[in-house]
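Q: This is what each chain is made of:
Protein chains: 2
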Amino acid sequence: MKSVVVGIDVGGTNTVFGIVDKDGNFYGEGSIPTQAYPTFNDWAQSIHDAIMQTLKERDGEIELTGIGIGAPNGNYYTGHIENAVNLSWSGNVDVVGKMKELFGNDKTAVLTNDANAAAVGEMVYGGAKGMKDFIVITLGTGLGSGVVVNGQMVHGYDGNAGELGHVIIEKGGRKCGCGRNGCLEAYASATGIKRTVFELLANENIPSTLRAFTYNDLTSEMIYKEAVAGDKLALMAFEETGKKLGQALADFTAFSTPEAFFLFGGLAKAGSLILEPTKRYMEENICIIYKNKIKVLLSELNDKNAAVLGAAALAWSELS
Amino acid sequence: MKSVVVGIDVGGTNTVFGIVDKDGNFYGEGSIPTQAYPTFNDWAQSIHDAIMQTLKERDGEIELTGIGIGAPNGNYYTGHIENAVNLSWSGNVDVVGKMKELFGNDKTAVLTNDANAAAVGEMVYGGAKGMKDFIVITLGTGLGSGVVVNGQMVHGYDGNAGELGHVIIEKGGRKCGCGRNGCLEAYASATGIKRTVFELLANENIPSTLRAFTYNDLTSEMIYKEAVAGDKLALMAFEETGKKLGQALADFTAFSTPEAFFLFGGLAKAGSLILEPTKRYMEENICIIYKNKIKVLLSELNDKNAAVLGAAALAWSELS
Chain Z
1 MKSVVVGIDV
11 GGTNTVFGIV
21 DKDGNFYGEG
31 SIPTQAYPTF
41 NDWAQSIHDA
51 IMQTLKERDG
61 EIELTGIGIG
71 APNGNYYTGH
81 IENAVNLSWS
91 GNVDVVGKMK
101 ELFGNDKTAV
111 LTNDANAAAV
121 GEMVYGGAKG
131 MKDFIVITLG
141 TGLGSGVVVN
151 GQMVHGYDGN
161 AGELGHVIIE
171 KGGRKCGCGR
181 NGCLEAYASA
191 TGIKRTVFEL
201 LANENIPSTL
211 RAFTYNDLTS
221 EMIYKEAVAG
231 DKLALMAFEE
241 TGKKLGQALA
251 DFTAFSTPEA
261 FFLFGGLAKA
271 GSLILEPTKR
281 YMEENICIIY
291 KNKIKVLLSE
301 LNDKNAAVLG
311 AAALAWSELS
Chain E
1 MKSVVVGIDV
11 GGTNTVFGIV
21 DKDGNFYGEG
31 SIPTQAYPTF
41 NDWAQSIHDA
51 IMQTLKERDG
61 EIELTGIGIG
71 APNGNYYTGH
81 IENAVNLSWS
91 GNVDVVGKMK
101 ELFGNDKTAV
111 LTNDANAAAV
121 GEMVYGGAKG
131 MKDFIVITLG
141 TGLGSGVVVN
151 GQMVHGYDGN
161 AGELGHVIIE
171 KGGRKCGCGR
181 NGCLEAYASA
191 TGIKRTVFEL
201 LANENIPSTL
211 RAFTYNDLTS
221 EMIYKEAVAG
231 DKLALMAFEE
241 TGKKLGQALA
251 DFTAFSTPEA
261 FFLFGGLAKA
271 GSLILEPTKR
281 YMEENICIIY
291 KNKIKVLLSE
301 LNDKNAAVLG
311 AAALAWSELS
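Line order of the protein sequences matches chains Z and E. Numbers 1 to 320, taken from this note's numbering, label the letters of the first sequence in order. Numbers 1 to 320, taken from this note's numbering, label the letters of the second sequence in order.
Treat each hint with caution, since some may be false.
Identical chains blur together in the list; that is why a pair holds if it fits in one copy or across any two.
[As the list claims (entries may be wrong)] Result set (SDA-like, lysine to any residue): computed pairs, CA atoms no more than 25 angstroms apart in a straight line:
(1) Lys291 with Tyr77
(2) Lys293 with Ala84
(3) Lys171 with Ala202
(4) Lys291 with Trp89
(5) Lys171 with Pro277
(6) Lys295 with Asn83
In case anyone wonders, no lab produced these hints; they're calculated from the structure.
Make the full structure from the sequences, and use the hints.
A: In structure tokens:
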């Protein structure tokens with residue numbers, strides 16, 4: 001019997017899972033729509049049933065030993081999802097407790113936020129294999145981060161460490177979803193680059209295909225497409241985003257001096273368009289003792305499976 | 001025989017040592033002038049001889065098991081002091097290697113920078129006892145820091161982590177000793193508050209006793225004395241220093257979410273004059289998920305012995 005864990009990625013739209021062994025091989029996968037269940041208990045029952053069905057298909061071949069869950073606002077210490085704004089359940093829900101109730105108390109169940117799960121995934125299955133100090137920056141709708149120090153996830157005193165999207169990089173700058181102004185994620189994220197495009201559309205006079213889009217319609221993928229096609233304003237937006245992110249990474253280095261930063265998520269798919277200016281501005285702004293020492297890399301995890309692999313890796317690192 | 005270690009604090013002026021047991025009791029202490037020795041080898045021989053002499057006085061009662069050293073630019077991984085600008089030896093010197101050569105290879109010898117040593121001291125002997133996540137901020141001539149995560153010192157990939165004095169808090173701001181502009185230590189340190197006084201003297205019209213001092217003569221102790229005596233400009237300087245430091249601590253929280261920040265060193269002796277505005281501005285600027293959770297405290301280590309205790313604690317934590 002092969003030992004496997006299930007990695008569960010709780011997204012705003014879908015909850016995706018995969019049955020994964022220690023080497024990252026998949027033995028089945030599936031998903032349910034997160035918002036289709038009015039209560040947390042209904043959602044939990046449904047994801048449990050879907051996983052059990054998938055396990056049944058490999059009956060006698062694999063044995064479930066752990067459950068790893070990555071979710072927005074997932075707290076490693078409490079095992080609760082705490083007021084996740086993009087999920088339909090309000091209040092705090094005890095995910096780990098519920099999973100143990102459904103799958104059995106003999107199973108290891110562990111929860112963390114999605115960016116931390118991505119970092120554990122990078123460490124176990126991705127480009128951070130063998131690294132003891134690194135930081136994963138997830139560039140999605142917002143900016144999340146997972147910090148690893150001495151080979152361990154940094155959860156902090158209350159389980160909320162690694163919220164680097166909420167470091168203030170421009171005093172009195174752009175309004176952030178957290179209620180403050182000038183947070184990094186208001187500049188360096190899929191939403192941030194869109195805001196930068198609209199600032200550039202206002203400030204610059206050069207022609208751009210992006211002048212034909214509404215704020216509601218424009219996505220970071222479109223900006224990427226136009227940049228690749230040579231649109232100067234789209235290219236400026238990537239330059240500006242990399243500048244803000246690179247300056248921030250220079251400061252983060254003074255904290256934990258990682259061997260590498262890994263860029264992950266939607267905006268990281270732009271590859272060198274985001275990587276190159278980020279690296280350049282990081283080096284330009286970094287303290288001399290760190291110059292030319294710190295890598296900035298793209299995540300090596302297959303984007304489709306990354307979140308699920310991260311959640312599975314979390315379960316494996318808890319089991320070991 | 002009582003097991004003891006020697007804690008050595010290498011300062012720009014004096015090298016101070018203390019023979020310390022696991023509970024922090026002293027069995028002897030001494031010092032040599034750091035700059036009196038033209039070469040590193042001479043200095044090492046001299047501090048060795050002074051320690052051996054002190055140990056001899058308690059012969060048969062105590063047994064030396066380890067040597068802990070705190071020094072500017074002391075690197076935990078390499079055991080070297082790397083280009084310490086305020087010491088007279090140039091280049092890199094192998095402190096750990098030399099200590100083992102002099103004291104014997106059976107002894108544990110360990111080096112770190114002075115701020116990290118202060119953090120280990122706070123953890124073993126001071127206010128951070130029992131805490132797993134905290135940050136010590138040393139407010140001396142510059143701003144140093146020691147970051148503890150999951151109960152472990154954060155040394156980072158290259159041994160140079162925890163240089164929070166070199167996080168840029170004002171783009172294009174004050175010139176820093178590191179060659180860049182706007183580093184935190186140019187604002188929050190004994191030198192930083194003096195620079196703030198001179199900025200206030202230029203910008204404000206109010207009378208102040210501080211108008212009688214030259215830049216060369218003014219010290220942070222004098223600013224403290226005038227603030228206590230009610231000088232408005234001196235009070236403004238503390239307010240402004242606490243503002244800059246508090247805003248920075250709010251951002252640092254998003255990184256490792258410490259249970260507490262400890263303020264240590266010369267400027268921390270100003271007590272509530274620096275503590276109160278630092279705490280207030282931290283809370284005012286902190287992300288909502290951290291509000292009213294993070295303590296800002298004064299170091300509990302006796303300032304005279306703190307650096308030596310920190311170095312001793314480092315040896316003890318290496319031995320255990």
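Q: Hints first: check each against the structure and report whether it holds.
A: Taking the hints in turn, this is what the structure says about them:
no., hint, in the structure
1, Lys291 with Tyr77, "between (36 angstroms within a copy, 18 angstroms between copies)"
2, Lys293 with Ala84, "between (37 angstroms within a copy, 20 angstroms between copies)"
3, Lys171 with Ala202, "both (21 angstroms within a copy, 24 angstroms between copies)"
4, Lys291 with Trp89, "between (46 angstroms within a copy, 23 angstroms between copies)"
5, Lys171 with Pro277, "both (22 angstroms within a copy, 18 angstroms between copies)"
6, Lys295 with Asn83, "between (35 angstroms within a copy, 24 angstroms between copies)"
Comparing the model with each numbered hint stated earlier shows that all of them hold.
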